[in-house]
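Assemble the complex: chain S is given as a structure, and chain E must be docked to it using the hints.
Here the protein sequences come in this chain order: S and E.
Per my numbering, the very first residue in the first sequence carries number 1; after that it's consecutive.
Per my numbering, the very first residue in the second sequence carries number 1; after that it's consecutive.
I should point out that these hints are in silico values taken from the structure, not numbers from a laboratory.
One copy or two, either will do: identical chains are not told apart, so a pair holds if it fits within one copy or between any two.
With a straight-line cut-off of 27 Å between C-alpha atoms, the simulated DSS-like cross-links for lysine-lysine are: (1) K35 - K65; (2) K419 - K301; (3) K178 - K35; (4) K651 - K236.
Number of protein chains: 2
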Amino acid sequence: MTTSVVRGLELLFDRPNEPLITPKGEEQVLFKLNKELLPPGYEDNGIVLNNRFGEEPGVQTIELKPLANPPRFRRASQLPRDEDFSLFLPRHQEMADEVIDVILAVPRNHMEELLSTCVYARGRLNPQLFHYCAAVAFLHRHDTKAVKIPNFAETFPSKFLTSTVVGEARTTTSVIPKGLNRPIITIPRDFTASNLEDEHRLAYFREDLGINLHHWHWHLIYPFRATHGNRTIVDKDRRGELFFYMHQQIIARYNNERLNNSLKRVKKFSDFREEIPEAYYPKLDSLTSSRGWPPRQANMKWQDLNRPVNGVNVRVSDMERWRNNVQEAIATGLVVLPDNSTQPLTIDMLGNMIESSILSPNPERYGSLHNNGHSFTAYIHDPTHRYLESHSVMADEATTMRDPYFYRWHAFIDDLFQKHKESPHVRKYQRSELDYPGIEVRSVSVESNTPGARSNELNTFWMTSDVDLSRGLDFSDRGNVYVRFTHLNHRSFRYVINVNNSGRARRTTVRIFLAPKFDEGGRAWLLSDQRKMFIEMDKFVHDLRPGNNQIIRQSTESSVTIPFEQTFRDLSRTGTDPGDPNNLEFNYCGCGWPQHMLLPKGTAAGAKYVLFVMLSNYEGDRVAQANVHRELTCKEASSFCGLRDRLYPDKRAMGFPFDRPSTTADHIDDFLTRNMFVQDVTIRFSDVTEQNPRNPRQQ
Amino acid sequence: MTTSVVRGLELLFDRPNEPLITPKGEEQVLFKLNKELLPPGYEDNGIVLNNRFGEEPGVQTIELKPLANPPRFRRASQLPRDEDFSLFLPRHQEMADEVIDVILAVPRNHMEELLSTCVYARGRLNPQLFHYCAAVAFLHRHDTKAVKIPNFAETFPSKFLTSTVVGEARTTTSVIPKGLNRPIITIPRDFTASNLEDEHRLAYFREDLGINLHHWHWHLIYPFRATHGNRTIVDKDRRGELFFYMHQQIIARYNNERLNNSLKRVKKFSDFREEIPEAYYPKLDSLTSSRGWPPRQANMKWQDLNRPVNGVNVRVSDMERWRNNVQEAIATGLVVLPDNSTQPLTIDMLGNMIESSILSPNPERYGSLHNNGHSFTAYIHDPTHRYLESHSVMADEATTMRDPYFYRWHAFIDDLFQKHKESPHVRKYQRSELDYPGIEVRSVSVESNTPGARSNELNTFWMTSDVDLSRGLDFSDRGNVYVRFTHLNHRSFRYVINVNNSGRARRTTVRIFLAPKFDEGGRAWLLSDQRKMFIEMDKFVHDLRPGNNQIIRQSTESSVTIPFEQTFRDLSRTGTDPGDPNNLEFNYCGCGWPQHMLLPKGTAAGAKYVLFVMLSNYEGDRVAQANVHRELTCKEASSFCGLRDRLYPDKRAMGFPFDRPSTTADHIDDFLTRNMFVQDVTIRFSDVTEQNPRNPRQQ
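Just chain S, with the same shape it has in the complex:
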């Protein structure tokens, strides 16, 4: 019995640390390896072992086409199998370039060749490197849209779940055979610190599985480099601006949460010589390296990096020089190009400069501020490889958002972008750009979908959800092992917007934002600060009739979020038929803020918020898409993630109308035109824990 090639490609992600010699997947699929496809170290006995597994009852096999010219992986094969992979390391990036090139180079629709190439690569490469490259390549090939890359938290659980879970899961699978009822493993809510640590109050946000999955997925879609031939995978529409905006919104959301937890907004890390008081003990273990992720103790400082093994040699003074050059570009509004000519600075260019991506206009001058900031902190405990230590969680897109320092660093990065937006070189909005003559928003309210709830009150609470660990539990018996984690959630609600259109029928973009009503001192906000606190809740196009219109929009429809099942992509609950149209573009759909984190937590007493609604003139918003006849196959989260193979679907600056300061308004009330509305709302948190109704077993 054979299995389809698409399924074969999917199974390459199963149990990433196990060689392909053993069967993969719950259905026990064996790749029939030929001599050339054997992983190194198994030359002598690999075929015998592979055949033995093939003879076991219930095992299905996938035949593999021989490879005419196996790729060489001259660079990539140098990364040992048991090292952790980091995109922030130039050397690792070069390795990834090589592998992505090889996978993208297989001609379109040569699926069997693609499979053999990937089997070959998986056998020879570090599992994390292979996983990243295969995921990026499958996302950007046109013939692999139906390949479902499993949820990263399931294949690399050690990047998302505390290490004790893996130990408990091993006990369970070893003692309780597949098919019997295995106990669900519960992750305690507070495992990385206690309440003695103020920063720990934010752990539910920083360590949220969905948030970290989103961040990892975003960077999968938006790699910051590629070889020349595959430059298009980097050079996406408004990529640099989206880098700014997605991270700006993360900081805004984090600051919203901080205020709800009686903490001040996060302090930017702008003096590169100062101590970092925030410690972080991730309590994660890498199953790849069999090592714990290194912690950072309190009050450590950046030191010059010189780690030949990683090809890293950067001084703190380099960072200062790059920072100065970027600041100069912002102050002058001009970018200096390699030939010393200049060009007006745009937000998109600034994003590419600061990150930096290969689209940076002058990498020599502007360096790589953001990426190296991650590296400096990731190696703060071992800047010269003296102790043979690997990077901390800061150097991995899947784990970096767990660390309090991430927000201090991105507050600094965001501040650079904001300085640009505040500079005289960025034109401020005229009233005519903000107004939408003839449109008047007469009322806005939020209404809970829970019967009996109060108007304009939003409700948050804890929920426990289950995720299956078995795909990532290398070297264990098969069968599901569920891990139960606790996350924030909220009662679903709807926006009810009453609008009067005094003109004829027309189209509008409805923009909805939320911000705290008061600052950390309990004072009314200055708009110049509050604008940075507004978190985008939704943005959608709506057709207005003449006269009164009532717009009703569900919170679950948000352009920022994707539903729970899309974040966690539980394969066991959807078909695996590659012909199923529901599976198209499956992987792109994994990007998006998790629905369960749409709302800030609020407080038990009820946190005061303002909901801002703006109906903007669609004529100024519209984007002419080339690729209009595209079937939407999943809920998209275009605000943070854009759209696959299309332009960003809103012509305005990202974050409009709060992306830049107002020249006229000191407070939000002064800012309003008739097409805008602010409504006081309350976010009330209840300290109760409910079970996710999607959990496979209710307990």
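What follows is chain E alone, placed relative to chain S:
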């Protein structure tokens, strides 16, 4: 088919993190659990699961006698299964007291009751706690001398072997079925740091498996507390003095190694407020807690400890007060008792005071300096449990010697003992005590057992040895998995001592020590310093004929060491028949300095050493043993470990004649009487690696 009770007791140590529901041992032995013996959490399905495993082919079973009154373990059951256990924590000690009491309380020769009691305890207790308590109890019961406690490095490999090994071993057992040739997993020689770190030059010593096994075993034989009823397990002959001497010799040996590696003698940690520049990244993972052992970054400082979860609340100022009180006792030569009366201070008392053990004459006044020093450093990264972190390697007897700080701390502890030895209250040796009239040592040489080697040259080199990991590889398929590690070794040699006895036949104790000839500045030693550098090589009783005698003594006979196979106690190579007299007192025999570390490493150029030989008057050495008719069943290492159920076999102060300063001699040459001899020797290191001929597979 049933298996003997003794084998059952042994199998309690197999795969300590797996519940007894599954079969144990290579021969697949299943404990037939009844409902009362089921571990918590398995009440519903435990019997069903246990029976299922019993039906598998090849599984043998052990029937268990029901327990009339299962013990309660009121304290001990409070330690979660996934926490690391530390003897230095008073709370953990209390738990251990409770468990040891229960196991010791089973009447002698009630073996089935003992087994059921232990099965019950194993199911309910933290695996490390159970292992420690069962090992201590079996060592001290009279009916369990034949129970072979497996080598601790095999059952808890994560305390001895870098964590990557465990990952590789899982790959191997999962891919290559039992019975096929599995590759040997090689541990790299330098995995905890690079040569950028000066202290790393000593890693071969600090991280030696045999040294760490010895240290763990020593503390198993010499617990520092017990409940009142079992006080005898602590109150052994000259226990406090042996605590001093065994650790003094460790520091002396470490300092010998340091000089060979161009490092100065270790600096004592005596200012409790100073930074610790030595960082340590152990790169070990606990399989119990599924967490990496926390590292210590450079330049951290002790902070007041307040960890309610561990029952620890000690201030740095407490340590300073205890230190002052101990120093006062040393200065005055008097111990203040709880009733404020005084008593002359002895070295034995001082050992019990400083460690401290329950034999301390006044714990309130003298506190617990040594134990708490371990704790202060073990919790330096998280003194208040703010980050929910566990202790570092410093708090575990099996791992503490890996950390450079161990030696800084014990240099301080040793200095206290030396201050006592140097004080006027300790009588200095008279020439008449040192001399042995009528005995003249005319020559001493060391002769290699390797043909063609030079006289008075000792040769060291690297050796690779294999240890089987399968007993500790919880939740993996069975079958041996060998791990290959590299350790120092030396060519065996013999001492040739020519003595003239001008009197009649008599008995002597031959005492052999070794020390570097020059200090770190290349200068001749002052005896007051060199005496602390002398490492004991051997001590034995010899009958002298009148006239000339030639004494030939093999290096492998050393009273300090045990042979390789005794350190590693490879069960697969000895019988398991409990009636075999070779197995008596098997466990006590695990204590002893590893033979392969008998010699300091020396240098490639040849390090200059002096060999000191003294023939002392047996009349001053002899100890009247009550228990004379005792069969020796293994090679003993009495110098460091004493003798089971007997007095320490040398009446002199431990370390004699170097345990205290000389009032007359400035240099070793001035010190010599005719019954002593010093011989210059060279220790030459060859940077070659040989395979241990005992390895099961030669590669």
